[in-house]
Amino acid sequence: MKKSRRKILGAALGAGALAAPAQAQAPQKKLHFRGPKPEGVPLFPSAVSYGNMVYISGHGTNSVPGIREQTRKVLDDIKQILESAGSSMEKVLKCNVYLNDIRDYAAMNEVYRGSFGEAPPARTTLAIANIPLPGCLVEIEMTAYI
Numbered sequence: 012m013k014k015s016r017r018k019i020l021g022a023a024l025g026a027g028a029l030a031a032p033a034q035a036q037a038p039q040k041k042l043h044f045r046g047p048k049p050e051g052v053p054l055f056p057s058a059v060s061y062g063n064m065v066y067i068s069g070h071g072t073n074s075v076p077g078i079r080e081q082t083r084k085v086l087d088d089i090k091q092i093l094e095s096a097g098s099s100m101e102k103v104l105k106c107n108v109y110l111n112d113i114r115d116y117a118a119m120n121e122v123y124r125g126s127f128g129e130a131p132p133a134r135t136t137l138a139i140a141n142i143p144l145p146g147c148l149v150e151i152e153m154t155a156y157i
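For the sequence shown, the residue numbers in the numbering used here are 12 to 157.
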């Protein structure tokens with residue numbers, strides 16, 4: 012009886028019935044841009060996705076005045092980028108907020124609150140000496156899943 016089982020197992024192996032599954036395709040790094048892709052090699056993309064994760068570069072604006080308006084504009088811009096990468100604000104896991112002035116913390120929070128659905132992401136908020144974009148009061152970066 013043992014010999015016949017070995018024969019059957021050997022035949023099955025020989026026929027490939029118990030062969031290893033095909034190798035899964037490795038995830039690809041994809042660059043995402045708000046608007047059309049810039050000419051040449053960009054300094055940095057709006058976002059990078061890899062597998063089921065998307066990393067949003069720091070976004071700020073100086074196109075509108077005031078911390079509330081800038082926070083809303085930045086969150087709206089990031090929402091568009093997340094959606095174009097196949098994610099959403101509800102899928103954000105981590106958020107870093109950089110303020111030009113810590114006294115803007117409460118006003119930024121008024122706009123930030125409720126932007127992520129019922130389960131907000133983990134967050135770090137820092138006041139920094141100077142955001143590189145002149146006139147920019149807030150810069151936000153995020154990590155989300157797809």
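Hints were generated in silico from the structure; no laboratory data involved.
The C-beta atom is built at its ideal place from N, Cα and C for all residues, glycine as well.
There's no promise every hint is true.
In silico lysine to aspartate or glutamate, EDC-like type, Cα no more than 16 Å apart, as pairs [unchecked claim]:
hint	residue 1	residue 2
1	K84	E121
2	K102	E50
3	K90	E152
4	K105	E152
5	K84	E152
6	K41	E94
7	K105	E129
8	K102	E121
9	K102	D87
10	K90	E101
Okay, the calculated beta carbon distance ranges per label pair [stated by the list, open to error]:
hint	residue 1	residue 2	range
11	G146	A37	38 to 46 Å
12	Y116	Q36	41 to 49 Å
13	G125	Q39	19 to 27 Å
14	Y116	E50	33 to 41 Å
15	Q36	P76	44 to 52 Å
16	E94	A140	18 to 26 Å
17	G125	Y156	38 to 46 Å
18	A138	K105	13 to 21 Å
19	R79	E50	30 to 38 Å
20	Y66	N141	43 to 51 Å
21	P145	N120	19 to 27 Å
Against the structure, the hints come out as follows:
1. For the hint linking K84 to E121, the alpha-carbon distance of about 14 Å falls within 16 Å, and the restraint holds.
2. For the hint pairing K102 with E50, the CA-to-CA distance comes to about 30 Å; that exceeds 16 Å, so the pair is violated.
3. Note on K90 and E152: the hinted pairing holds, with a Cα-Cα distance of about 11 Å set against a maximum of 16 Å.
4. The hinted pair formed by K105 and E152 meets the criterion: a straight-line CA distance of about 8 Å does not exceed 16 Å.
5. Distance hint between K84 and E152 is fulfilled; the C-alpha atoms sit about 13 Å from each other, no more than 16 Å.
6. For the hint linking K41 to E94, the alpha-carbon distance of about 14 Å falls within 16 Å, and the restraint holds.
7. Distance restraint check for K105 and E129: the Cα-Cα separation of roughly 15 Å lies within the 16 Å cut-off, and the hinted pair is therefore satisfied.
8. Between K102 and E121 the alpha-carbon distance is near 20 Å, which puts this suggested pair outside the 16 Å criterion.
9. In summary, the hint linking K102 to D87 is supported, as the alpha carbons are separated by about 15 Å, within the 16 Å threshold.
10. Note on K90 and E101: the hinted pairing holds, with a Cα-Cα distance of about 10 Å set against a maximum of 16 Å.
11. In this structure, G146 and A37 meet the distance hint of 38 to 46 Å, their C-beta atoms being roughly 42 Å apart.
12. Distance hint check: the CB atoms of Y116 and Q36 are about 45 Å apart, consistent with the given range 41 to 49 Å.
13. Between G125 and Q39 the beta carbon distance is about 34 Å. The supplied range of 19 to 27 Å is therefore violated.
14. As the Cβ distance of Y116 to E50 is approximately 38 Å, the hint placing it in 33 to 41 Å holds.
15. For Q36 and P76, the Cβ-Cβ distance of about 48 Å falls inside the hinted range of 44 to 52 Å, so the restraint holds.
16. With their beta carbons about 33 Å apart, E94 and A140 fall outside the hinted range of 18 to 26 Å.
17. Checked against the hint of 38 to 46 Å, the pair G125 and Y156 fails, with Cβ atoms roughly 20 Å apart.
18. Checked against the given bound of 13 to 21 Å, the beta carbons of A138 and K105, roughly 19 Å apart, stay inside it.
19. Under the hint 30 to 38 Å, the C-beta atoms of R79 and E50, about 34 Å apart, fit the expected range.
20. In this structure, Y66 and N141 break the distance hint of 43 to 51 Å, their C-beta atoms being roughly 24 Å apart.
21. Taking 19 to 27 Å as the suggested C-beta distance range, the pair P145 and N120 conforms, at roughly 24 Å.
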